[in-house]
Amino acid sequence: MKKVKLGLLLGLVVVLVAAFALPGCAPEVAPPEEEEEEEVPTGPIKIGINFPLTGAKANFGTMDWLSIQLAYAKFGVEEVGGRPIRFVIEDNRGDPATAKSAFEKLATLDEADVVLGGYTSSCGVVQAAAANDLKVPFLICNSSKDAITMEGWEWVFSGARVPASHYGDNMWPMIDEVLMPGGVSKVALFYEMTDWGTSSAEALRANFEARGIELVYDEPYDSDAIDLKPMLAAVKAAKPDMIMAVSYLMDASLIARQAGELRLNVLCFMGQAGGYTMPEFVVNAGENANYILTTALWSPFAPWEGELAGVKWTNQEYYEGYLGSYGAEPDYHGAQGFAQWMICLDALLRIDAAGETINRETIREALTETKLMTTMGLIEHKDWCDDMGHCYTNQGLPVTYVTQWQNLVQEWVWPVEAKSADYIFPVPKWEER
Amino acid sequence: MAKKSWFLPAILGIVAIALPPFLGGYFQHILILVMMWVAMATGWNLLGGYCGQASLGSAAFFGLGAYGAGMLYLHWGISPWWGVIAGPLLAIVVAIPIGLVTFRLRGGYFVLSMLAVCETIRIIFLNWVEMSAGPLGIVIERTWGMEKLPYYYMVLAIAALSLYVVYRLMKSKFGYYFVSIREDQDAAEGLGIPSTKYKMYALIPCAGIIGLAGAFYMNYMAFIEPNTVFPLIISATMILSVMLGGPGTFWGPALGATIFVLLSELLRAFAGPVIGTIHYLIFALILVLVIMFLPNGIAGEGDKIKRLFRGKKPVYVGGE
Amino acid sequence: MALFGQTIICGFLMGGVYAVIAIGMTLILGVMKIINIGHGHLMMVAMYVCFALFTSLGLHPYIAMFVAMPCLFGIGYLLQRYSIHRVRFVDTILPQTQVLLTLAIGLVFVEIIRVIFKSDFRSVYTPFSSKCLYIGDMSISLPQLISFGIAMAFVAGLHILLTRTDFGRSIRATAQDLDAAKYMGVDALRVSSLTFGLGMALAAAGGALLLPIFYLFPDIGVPFTIKALIITILGGAGSTVGALSGGLVFGMAESLGAVYWAPGYKDVVGFVIFLLVLLFMPGGLKTVIKR
Chain Z
1 MKKVKLGLLL
11 GLVVVLVAAF
21 ALPGCAPEVA
31 PPEEEEEEEV
41 PTGPIKIGIN
51 FPLTGAKANF
61 GTMDWLSIQL
71 AYAKFGVEEV
81 GGRPIRFVIE
91 DNRGDPATAK
101 SAFEKLATLD
111 EADVVLGGYT
121 SSCGVVQAAA
131 ANDLKVPFLI
141 CNSSKDAITM
151 EGWEWVFSGA
161 RVPASHYGDN
171 MWPMIDEVLM
181 PGGVSKVALF
191 YEMTDWGTSS
201 AEALRANFEA
211 RGIELVYDEP
221 YDSDAIDLKP
231 MLAAVKAAKP
241 DMIMAVSYLM
251 DASLIARQAG
261 ELRLNVLCFM
271 GQAGGYTMPE
281 FVVNAGENAN
291 YILTTALWSP
301 FAPWEGELAG
311 VKWTNQEYYE
321 GYLGSYGAEP
331 DYHGAQGFAQ
341 WMICLDALLR
351 IDAAGETINR
361 ETIREALTET
371 KLMTTMGLIE
381 HKDWCDDMGH
391 CYTNQGLPVT
401 YVTQWQNLVQ
411 EWVWPVEAKS
421 ADYIFPVPKW
431 EER
Chain G
1 MAKKSWFLPA
11 ILGIVAIALP
21 PFLGGYFQHI
31 LILVMMWVAM
41 ATGWNLLGGY
51 CGQASLGSAA
61 FFGLGAYGAG
71 MLYLHWGISP
81 WWGVIAGPLL
91 AIVVAIPIGL
101 VTFRLRGGYF
111 VLSMLAVCET
121 IRIIFLNWVE
131 MSAGPLGIVI
141 ERTWGMEKLP
151 YYYMVLAIAA
161 LSLYVVYRLM
171 KSKFGYYFVS
181 IREDQDAAEG
191 LGIPSTKYKM
201 YALIPCAGII
211 GLAGAFYMNY
221 MAFIEPNTVF
231 PLIISATMIL
241 SVMLGGPGTF
251 WGPALGATIF
261 VLLSELLRAF
271 AGPVIGTIHY
281 LIFALILVLV
291 IMFLPNGIAG
301 EGDKIKRLFR
311 GKKPVYVGGE
Chain L
1 MALFGQTIIC
11 GFLMGGVYAV
21 IAIGMTLILG
31 VMKIINIGHG
41 HLMMVAMYVC
51 FALFTSLGLH
61 PYIAMFVAMP
71 CLFGIGYLLQ
81 RYSIHRVRFV
91 DTILPQTQVL
101 LTLAIGLVFV
111 EIIRVIFKSD
121 FRSVYTPFSS
131 KCLYIGDMSI
141 SLPQLISFGI
151 AMAFVAGLHI
161 LLTRTDFGRS
171 IRATAQDLDA
181 AKYMGVDALR
191 VSSLTFGLGM
201 ALAAAGGALL
211 LPIFYLFPDI
221 GVPFTIKALI
231 ITILGGAGST
241 VGALSGGLVF
251 GMAESLGAVY
261 WAPGYKDVVG
271 FVIFLLVLLF
281 MPGGLKTVIK
291 R
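Same order as they appear, the protein sequences are chains Z, G and L. Just so you know, the numbering used here puts 6 at position 6 of the first sequence, and the rest follows in order with no gaps. Just so you know, the numbering used here puts 126 at position 126 of the second sequence, and the rest follows in order with no gaps. Just so you know, the numbering used here puts 26 at position 26 of the third sequence, and the rest follows in order with no gaps.
The hints are simulated quantities; they were obtained by calculation from the structure and are not laboratory data. This structure is a prediction, so every number in the text was calculated from the model and none was measured. Be aware that one or more of the hints could be misleading.
What the hints assert, rightly or not - Simulated crosslink set (BS3-like; lysine-lysine; CA at most 30 Å straight-line):
no., chain 1, residue 1, chain 2, residue 2
1, G, 197, G, 171
2, Z, 186, L, 131
3, Z, 74, L, 118
4, L, 33, G, 197
5, Z, 186, Z, 429
6, Z, 429, L, 118
With the rest of the complex left out, here is chain Z:
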């Protein structure tokens, strides 16, 4: 009887392995054929989509994917060079090991020509490494980890994504010209305990110290924390002139609300993009959101517009299109997704216009020459180094700016050349609002 049992188990294992193995034998035969130069692929152009579409991280992964679909519909290009465009969707649940499985499947089994993905830093870094190994062009949308483009991976393109340490780039002129003359000399810095928070804080800390601004509070916190008041009470006791906060979505609202409850009065409260720029922020923080300044990667007010594939577009249209199609406001994650499809489509069209075959190699070459106006501003894939000694490959640098919540609307206040409203500084005390 025991043998029957074990035989059954063995049979089960063999069946499961075979379920994977049989289709798996096919792709191994395919690569040698590709080496023949004259072979012109006729099948569809496969675009791999590798995002968390279920699981705890699904909200932004889904926003990326919806924005890509919106962009696909907007530009209406359904085939390039006689080959239809086909999306192959892989859900990675926000887990790095699964993201790698999904990438391997896209690269070998589905033979994707290019892959779009990259939400959460840990998935992004694993996907990017796999892309470089498997020689598949990979357009990374959100994952902010600096190191992703610091490894010299030439198959990874990060035009619309901003490395975490550059989220606040355009805030420094404002600090120099407005806040410091206005009396800011002590700053309280707190940041969520993630890669993005920690990398951001490193860059912020260095820049504050270079200006001789004293950091009177400098702590990471857990973004799942239920009550942030104790931390804010400690911040209040440190008597800062300015608060610099790096927060995820809902903890940002909680901090804004609880700062109001504690009457945590400062000359200015500066958020670092992330939670402070999102539509949900104002819904959850209510009037406490008012006067909060935040660095931003994108806003519906950004004056970007252009033409791609014969279709004129504006940044505002993307915002309205998303709101109209899905009944929710997008934030910068979605704008990055939209921009990445533009960059991808632009590369495909340029290859076709040059009369070349569309394959992984030509897509990679075309992407290195990208120079395109997108919802994230003008994107180029370049190699450059910053003053922190970080050297990036194929990295664009979308323009960042500073916005302020005024009467529950996120107004663009810096740089002043493109402002939609004047900044308010110093902000009124909580008691006087």
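Since the structure of chain Z is already known, use the hints to place chains G and L on it.
Coordinates of chains G and L only, in the frame set by chain Z:
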């Protein structure tokens, strides 16, 4: 335990060694994950299944193993392959004091205390940036890029080693002591078996094996951060694999881990496009049904009659 | 001084809400010796019920609570009767099968909610949510204060139920000695199912009290499960007074940890308390209080 059926492991071994070179990269990757979980489930089974000390915090050993390898590279630039030694070592060194404290507790309280220990370690690794790079994680250079077979054979060796270690231990007197502690700790102590000491003898190989799998994970994935190597879901996956296959059986955990990985991937990658976002719901439902109706796992139900000679529960399992 | 006072106030108010969540767990653990890892997940389900009522009918969570509690009572009753109970008395190799079952059940509920409500973040924000009372430099959040009051009412109500009614006595009898209670004519399955339902209803109350001051997403449960477990162990399984004092002590410990140690390490405070209590005071606070 599989006594005379030497031909089964032999066939499995031959298949495991000979098949992968003919597979595509994706399937090799899946098999690598399968083998990694086989090793971890087998390791967990030693302490949890045989010795009865079910731990909901074994991700601690996995993470420590991974960080043992990663921190070598981070601080001293030493190849993370040395982590194959350093990882398990770190896991064992940390496991010993953990065991000394938590083994004083029994049953459910032991389960919870291990969960608390694991979460504490995760928070320390997140916050202590100088030691572990905190949430920035550790990125290493991979030895082999596209080539998966070396990784596969390495993890196959780890899985085989873990099975061998468990097999030998369970064949020795330790095995009988472990089971006696599981069945009735007080009776075992009454017979002169120092239970904490023998639990420790089960914990050390368990932590070592899981740590080894962690060190392999570091080398293979080339990126770790505390939230990906210490989460509750890793501990839970280990346990659920064992539950699925059969706790306290030799082949059960390996079988459970294989089914667990393949089934979740099948549902995600192949059924997912058809059934959409509910694929994980179906997976979770299957888990609930297995625990409810096959509480001793697929392999464990075969031995049910023997074990349940005093029970009233009828045996309902197919293929009798 | 203002900082210390503020810290204590925050911890105390939060502790009251933790206590309601934990009291459901202490009941289940104390009476049935079931460690319910799905506790936080089921609380999350209750929060979604309140959220749905808020968005569709505009009911404030404090009112929607009285819909969510019967819902969760029903879910809890059915779960215990048809699922968890089944595993409890099956002779398994691992005695902890029920722990894993509740874990898997929790996963199922998370995924069901995810399919219905997506993974988006939600909250119930009303202008009232950030009203405060001020004592000098310290602030007391009004919704937290009200939550605290309602929480105390539930704790008192449960205490009376357990000590003054027949049903309460049969629950306590089952907790003390299952076999003896059976001989005395207590229908153990019915009592345990009702107790499980009651525990879940209390978790639902906790969730509803949390909703106006916090936010909501499908994976919210795990930290609350862990907090409830710590409080249960701290207070002593099965004791309402223990859970209340445990909740308050834990809330304050967390709060003090965040201010005087580091916000990142504050959860460690809870775990250390948990391990110390398990090792050196296995009965929890209730043993101290009884004396």
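Legend entry - Violated constraints from the hint list, given by number and in increasing order: As far as the earlier hints go, only 6 is violated by this structure.
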